[in-house]
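Peer 1: Chains A and B, in that order, give the protein sequences.
Each residue of the first sequence is one higher than the one before, counting from 1 in my numbering.
Each residue of the second sequence is one higher than the one before, counting from 1 in my numbering.
Some hints here could point you the wrong way.
Stated by the list, open to error - Simulated coverage check for chain A against chain B, where a stretch passes if three residues somewhere in it have a Cβ under 8 Å from a Cβ of chain B:
#1 82-92
#2 185-193
#3 293-299
Note that these hints are calculated values from the structure, not bench results.
The beta-carbon is built from N, C-alpha and C at its ideal position, and this holds for glycine as well.
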Amino acid sequence: MAGDIWVLVEQWRGQVTDVTYEVLALGRELATATGGSLQAVLLGPGVAEVPPSLGAADGVLVAENTALGEPEPDLYALVLAQVIPRRQPEALLIPQTNALMGCGPLLAARLGLSCINSCRDVHLDQGRLLARCLLYGGKVEAAVVPERTPVVLGILPGARPREQGRIDRTPPCAAVSVDLPATPPVQFRGYTEPPPGDVDITREDVLVAVGRGIQRQENVALAEELAAALGGAVCGSRPVVDQGWLPASRQVGTSGMIVEPQMYLALGISGAPEHVEGMKRARLIIAINTDPRAPIFGVAHYGVTADLFDIVPLLIDRIRAARQKAAS
Amino acid sequence: MVKVLVLLKLVPDVVEEPEIAADGRSLDPSSVRLVVSERDEHALEEALLLKERYGGTVTAVALDVPEVDDVLFTALAKGADRAVKVSGVEPGMSTWAAAAALARTLRVTPGLLPADLILTGVQAIDDLDGQTGPVVARLLELPYVSMVSRVEVDPAGHEAVVAREYAGGVTGTFEVRLPVVLGVQSAEKPPRYVPVARVRAAMKAQRLEVLPAAVEEEPAHLEVLQLSKPQVGGGAVMLEGSPEEVAAQICDLLRERGLV
Ligand SMILES: Cc1cc2nc3c(=O)[nH]c(=O)nc-3n(C[C@H](O)[C@H](O)[C@H](O)COP(=O)(O)OP(=O)(O)OC[C@H]3O[C@@H](n4cnc5c(N)ncnc54)[C@H](O)[C@@H]3O)c2cc1C
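With the rest of the complex left out, here is chain A (with noise of 0.2 Å):
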């Protein structure tokens, strides 16, 4: 089967997520470069229940055990490792989210694969598959090829249009038997909602956005008080999350809320990819930053090489200034 591309297909809470999607998207471009097959790997419960959403691919391959109903790296690790080394693909890529984080590591780890992560893009370079990586936080591309296969690839969000990957078209799928302990050493337990009671950033028409380059805490108050002038909410990355210094509910990116307004604007927000994928459907991007390199820039619609605090407090006295003029 050498040539064939699989896609592990993330299925968080009974759905298909998006980013399956964009991977099998991916995937589809790589298996035709490579003339192998695309196969879109299941785990899960029940095989009665592929959904027919998956017909980008060529044919699904259904590890079916009761223990794998929510993904868990460590156990989805152990199944992939029983599954690979008998079908021997050129490269399995793995959705590299919250949800999978590791499984792609882990699985390497037992089978002494190599594994690429945090993948941009990925083709057929003379013969061999060469991915393109964002790292230090999005301001350096590394282009990367394995020293063998099967490689094991982390693709990041956002690698291909959704759309591209989503063919309503039952595959043929073939089930294949794996082992797993009676006692799996990491068991999950449940889900908990985020707290209720915050704003609902998702809702928001604006969001005025802070980054690090706000500082200190107290100085989240000129964003509130520019949120507040616009009509809109604040809301930040996750260092200002981590600080304490925003609610949870407020943090933007793959870890936090994927919101779409009319208006986001930037704040010392350097613009590393887990950040930009939960804000970059916005209408319209504003950054300000005092680097010009700042990886931010390169999504924003508009930017601004400067310090926050030299812009947003003309900025709020502006708006003002137009909001009295709009109600008089």
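With chain A fixed as given, assemble chain B with the ligand onto it according to the hints.
Peer 2: Only chain B with the ligand this time, still in chain A's reference frame:
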């Protein structure tokens, strides 16, 4: 009582712009200052919180690279009991090789293992393969849980309940047998700050243990062909002018879209 090991890694501080070296495949070492990886700082914090809650010890372990002494003394100043520097490793080794060196050293050094928990950051900004935790877990034949944001331990029952972070602020809870390797995403509290004076005091009063690395030939898994500054599709229209002018331009953009 819990015995916790924390694996700390140093990574380039990207507040400064990383410059690519003449070979085109690595960063110019003179352009980068090494700092402890942000997620590892959270791993250390979670370890210290576990010690405060259950008693026991925290041992910080790091490979010998420039700046490592500062990082290890800071860990001691924050409350770690032991700090171990693993020496004799090649600079610029892959994550796999570094993780393997750490795991093999832990295994052959008396007194370090068994530990109840081995904590490390879930990922570092220079990881091409994201493998520190997973490789250590495999080589020590322990389970691994990643994206961890909370740990509760029942030492008597030899198990832990760990919380994992999912998208949208959802938390998943898992039960896991000890010992376990955990990839920490965030500690329950922000990493504590220690004043420089306390770090200096630790440098005077405490010492680092230096252990020779137990290295074996590791297969090369990857080849980096080239590093480059990423191509940005489109990119922003940059607004120029004085702060007043820029504020006026932003305000105009918002007005055009009916947002003010
Ligand atoms: C598994 C995983 C999941 C993650 N999930 C998320 C997530 O959901 N959301 C998220 O945001 N991150 C997430 N991260 C973290 C992410 O990788 C970055 O570390 C984070 O987004 C960086 O936040 P930042 O841009 O605020 O900080 P930095 O990267 O530190 O950037 C601060 C920026 O502020 C600028 N600046 C400084 N001072 C000023 C000033 N006075 N005026 C203007 N600009 C200034 C600097 O030039 C810099 O660009 C995750 C990481 C991992 C490993």
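Peer 1: Hints first: check each against the structure and report whether it holds.
Peer 2: Against the structure, the hints come out as follows:
no.: 1; hint: 82-92; result: violated (count 0)
no.: 2; hint: 185-193; result: holds (count 9)
no.: 3; hint: 293-299; result: holds (count 5)
Violated hints amount to a single one, hint 1; each of the other numbered hints is respected by the structure.
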